[in-house]
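K.L.:
Assemble the whole structure, with the sequences as input and the hints as a guide.
Protein chains in written order, with the numbering used here: chain A, 78 to 137; chain X, 874 to 1077; chain D, 874 to 1077; chain L, 181 to 412; chain Z, 181 to 412; chain G, 365 to 613.
Hints may contain errors.
[Stated by the list, open to error] Label pairs and their computed distance ranges (CB to CB):
#1 Ser386/L to Ala390/Z: 22 to 28 angstroms
#2 His954/D to Phe448/G: 29 to 35 angstroms
#3 Val102/A to Leu267/L: 42 to 48 angstroms
#4 Gly91/A to Gly885/D: 17 to 23 angstroms
#5 Ala447/G to Phe104/A: 34 to 40 angstroms
#6 Ala447/G to Arg884/D: 56 to 62 angstroms
#7 Ala447/G to Leu101/A: 39 to 45 angstroms
#8 Ser386/L to Leu101/A: 55 to 61 angstroms
#9 Ala447/G to Ile196/Z: 38 to 44 angstroms
#10 Ala447/G to Val888/D: 38 to 44 angstroms
#11 Gln1062/D to Phe448/G: 42 to 48 angstroms
[To be verified] Selected chain G positions facing chain Z (Cβ under 7 angstroms, derived; list incomplete):
#12 Trp483
#13 Ala485
#14 Trp486
#15 Val488
#16 Trp489
In short, the hints are calculated from the structure, not lab data.
Using N, Cα and C, we set each Cβ at its ideal position, and we do this for glycine too.
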Amino acid sequence: MSWNSWAEFFSMGGYGLYVWGSYLVSFACIAGEIWLILNRRRTLQKYLGLKDESTTREEK
Amino acid sequence: MLQGSNLECIRGDRVLFSGINFSIKPGELMQVRGPNGSGKTSLLRMLCGLAVPNSGEIRWNSSNIRSLGEDYFNIVTYLGHLSGVKDDLTAIENLRITSALAGIEIDEKKASKVLQEMGLEGRETLLAKVLSQGQKRRVALARLLLARTKLWILDEPLTALDISAIELIKKILEQYLAQGGMVILTTHQEIDIAATATHQLYLS
Amino acid sequence: MLQGSNLECIRGDRVLFSGINFSIKPGELMQVRGPNGSGKTSLLRMLCGLAVPNSGEIRWNSSNIRSLGEDYFNIVTYLGHLSGVKDDLTAIENLRITSALAGIEIDEKKASKVLQEMGLEGRETLLAKVLSQGQKRRVALARLLLARTKLWILDEPLTALDISAIELIKKILEQYLAQGGMVILTTHQEIDIAATATHQLYLS
Amino acid sequence: MPPQRRINYTFLNMLIWIIRRDLLLAMRRQADVLTTLFFFIIVVSLFPLGVGPEMNTLRIMAPGVVWVAALLASMLSLGRIFSTDYLDGTLEQILLSPTSLSLLVLGKMFSHWLVTGVPLVLMAPVLGIQYDLPANALFVLTLSLLLGTPILSLIGAIGAALTLGLRGGGVLVSLLVLPLYIPVLIFGAGAVEASIAGLGFEAHFSLLGAFLLVSLVFAPWTTAASLRISVG
Amino acid sequence: MPPQRRINYTFLNMLIWIIRRDLLLAMRRQADVLTTLFFFIIVVSLFPLGVGPEMNTLRIMAPGVVWVAALLASMLSLGRIFSTDYLDGTLEQILLSPTSLSLLVLGKMFSHWLVTGVPLVLMAPVLGIQYDLPANALFVLTLSLLLGTPILSLIGAIGAALTLGLRGGGVLVSLLVLPLYIPVLIFGAGAVEASIAGLGFEAHFSLLGAFLLVSLVFAPWTTAASLRISVG
Amino acid sequence: MSINWYKYASPASFYFLAGKMIPYFSIVAVILLLVGLYIGFFVAPTDFQQGEAYRIIFIHVPAAWMSMFLYLVMAFWSGIGLAFNTRLSSMVATAIAPTGAMFTFIALWTGAWWGKPMWGAWWVWDARLTSELILLFLYIGFMSLQAAIDDPRRADRAGAIIALVGVVNIPIIYFSVQWWNTLHQGASVSVTQSPKMAASMLAGMLIMAFAAWMYSIAMILMRTRAIILERERHTAWVAELKGVTGVTR
Ligand code: HEM
Ligand SMILES: Nc1ncnc2c1ncn2[C@@H]1O[C@H](COP(=O)(O)OP(=O)(O)OP(=O)(O)O)[C@@H](O)[C@H]1O
Ligand SMILES: Nc1ncnc2c1ncn2[C@@H]1O[C@H](COP(=O)(O)OP(=O)(O)OP(=O)(O)O)[C@@H](O)[C@H]1O
Ligand SMILES: [Mg+2]
Ligand SMILES: [Mg+2]
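P.N.:
Right under this line is the structure:
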């Protein structure tokens, strides 16, 4: 499928509202989740006094 | 001056007590004594205005406490079997709110100072539900350190307290009495409190 | 023989106690002592199997109490802060049902005799909710007179009791110990109980 | 060496004691029993007020409304199964009883059903008449409730045990339990609707029966485990 | 000679303290707030399951169902207004507070409404969509709830106060309170139905408004009196 | 090379292992997402019945699948935690719930926005829709229950029970379309039958499903790490982290 113009792409054959309504909210949810997790981690790091994203440690 | 005259309490078929007379003046202590079920709690709830005597009258400076209405609650502080400590609030919040309800607003710093005096250092910001029995009771008693009322009515204040806490309460009461407060108290534990005069009221 | 080895209890951020070791034999008494909030109640709930220690082991005759499952409850009687007395049942009904749950069925006459021994004469058929604090506690304690278990765990049994009731409890405990029972007890009141050996466990 | 189990009580004895106790308590608090029933009656009677008096609409709604009301009434009384025992310390004593906890729990579930479920079953035909249901449908309605209400007590007890001691538990329990009630609702009300439509309702009934058996087997055990978690 | 009233607090201060306290408690137990809301959602969603998926029937039922659910949700949360305070002795302290008890009670009612009523009002349009209501009806539904839910909190508090300390009070309270809720239900749902039918709904609204005013004046006072009776 | 699984069952080791794995899963998720969206919007043909509206499928179906799948995984791990008292598995279960709830919400939302143009209603009381809604309630119930309990050990075990009991709902959702004859369409992807839709549509859907899967893993690992830190904040190894600056140690 190829779209002839961006306008046609955005209108989605007249169903633009529904298609974009679905996609936008879905990605908003995803973005929200990511933000929440990162925020939780940041708060924790501040609370625990961790200096950095310490994801690794030397294996012994 | 608090005066009770000819007080009677009937529960079910039973006359718990009748013809009780007493009067307390500033600086005086009254210990209500008697075995289990003799009516001490019932009497104390009458004196603070929560319950009504079956007959007889309770007067504050010669006016009936019923007629004083809410003004009487400016005079009296009551601490019952139930300590009035909310499980879902921290010790500080509990103290601030109960004293606000009694008309005394304090800030967090003050509240936490008072709690430390009650031996709750380090527990000020814990939710009350995780506190031990005795710690909860201390939170409830902390209110006394702030109260500016003239009469304290305490029902078994020593329950669940350890020895050091009992000493503390004793000191608080003595100081209050020395400043002209009045205390009505029940307890099954022996405690010796210095007061201008100590009345003993025996129920049986 | 009950043995605790290396018991640890953590609440929130706090290590209440750790490395607690003890063992009690028939006829022996253990008093758990410590100020308010030191973890006495928490320890007792572990010993009777209601809570699980964060680490360490509790053994009855060298088998872990977890592995004994319900059989352990044939051995132990626990009496906590809450007395397990139902407000809507009479004293007699309360006693009959709690002991039935513990595996001992008694009839009304027996129940009312036991309650009279506990000083509740004339209150046997009152609903528990109208009883005074101390009377309720007596109803709860009456269960001890019927228990045929080998280990009693009592958390502040003396709360709200008057002097005569305390004497009574003391006598009951001494008799039980003399017959080879084991008692684990917390209380903030001084009480002197004769036993083959008295261990003191200090928490702080 | 684990100690000998004493023999002066039997499992059955225990079961009878706990049921007797709970029924005695219910007698003392007749208000409890009556109010569950009145709640049921009031909810069923509220709908015509909210929806309007049109008989045809009402007849269509009837099975659903009666079932939803039964479900809510049963759910609201869940709080009582364990929470009073928890608050006054009796539950600790039950947990420390030297009998199978599942058995005691089963006894409590049974008396809960006797006290809340049975009155609803008996009342349902009368309420069905208010909605002008035919005799046949009334019969199926009653029978479906007879099969369904024990499931509500059984499953509900799990939720009640899990939320024990949590403030706001009363509403939290509904959140936990309602999703599990839904199949019962669908098949219970479905049976009545099928019978109104003149279709067979046996399939619905056998599904309800299956649910009942499954929950009878698993619920006491799960509830006992939940109680140990909540009190421990 | 009656003692002097101290002046280091004002009435307004008190009101703010008690509202702050109750909101703080609600925050601590976010579950409480959320679960009332979810109870509402779940009840509304249960009906179609019981009644069947037919959209026309559902649309007729919608106002009644949403209103009945709001009523039940609000009623179920009544328990929390006083009973926790009663059980832990805080209520005694409130009764012994040297302020007008009616005022404190009004504060508690207001925070109850904030915590239980407002979320229902906000959620109602979404649930209305599930029943395929037209936009206009959604608007009226929301507005009717906005007017009606405070009445539920006000009247409900009276019942809660009267049943305080009675076991099974949770169900008893519904028995006392539901009859008083019925007018609110009838006019609330009636307004929405009128708007669906294209009729005017102003009359219904002004009646609801009148109820609100009357209960605002009388309920705090009555509740205060009931509390003194229940605790005394 | 043999892996010592027990080692990674301890929260501390898992914390570091997860930290290393998160970037990979995230990158794969982003790549798959881009590819999937490209196929979905630029390769897959217009549906002859539904026009362009069907393109919601590329998010709706993966979300619906994940919502059910994650519930099963959550119930599995909490069951393991309950049975064997392994702390880590309970933490993972707790970490799964919000992501699962989010996908359930997305499935409901996109379904509704698809239903409006196709069926003419935002919502119908169809069996599948209803049971998906119930699934959302189950997730929320699980999370509220855990949130209402302060002691994490108790919260884990109580949550496990409700998660396991709720599992009965999953087969109901999956088979509801067969049991009730309703609006929502039945499974179009099945192991036994050949697919009924265009290959590019199918490919787009599957790729998006994989993207959602990878995304979920990344999110769950991140959340698990946060939970581990919160619960183990008093242990020695967390204390050790305090001086650490990144990889340099
Ligand atoms: C709120 C409304 C909706 C909900 C909750 C919902 C839920 C679900 C669920 C749970 C699945 C996965 C089940 C499975 O794969 O077997 C699914 C799949 C699907 N849904 Fe929906 N749905 C909704 C609306 C719609 C609408 C309006 C359409 C199209 C007109 C639709 C089309 C599909 C399709 C094509 C699948 C894939 C089936 C397959 O290939 O297996 N859904 N939906
Ligand atoms: N309805 C009733 N019928 C008979 N007796 C009743 C009734 N209600 C209460 N009582 C009795 O009234 C008394 C209440 O006493 P109260 O609680 O005031 O005692 P107390 O002196 O505080 O005792 P304690 O030292 O145990 O706290 C009890 O003896 C109780 O048995
Ligand atoms: N979540 C928590 N965070 C911090 N401390 C906690 C937490 N939960 C409980 N505690 C503490 O644990 C202790 C519980 O003690 P416990 O009830 O066993 O004391 P006790 O020795 O019986 O005291 P008492 O003599 O007062 O009855 C209290 O000190 C309490 O502050
Ligand atoms: Mg007393
Ligand atoms: Mg203790």
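K.L.:
Which of the listed hints are broken here?
P.N.:
1, 4, 6, 8, 9, 10, 12
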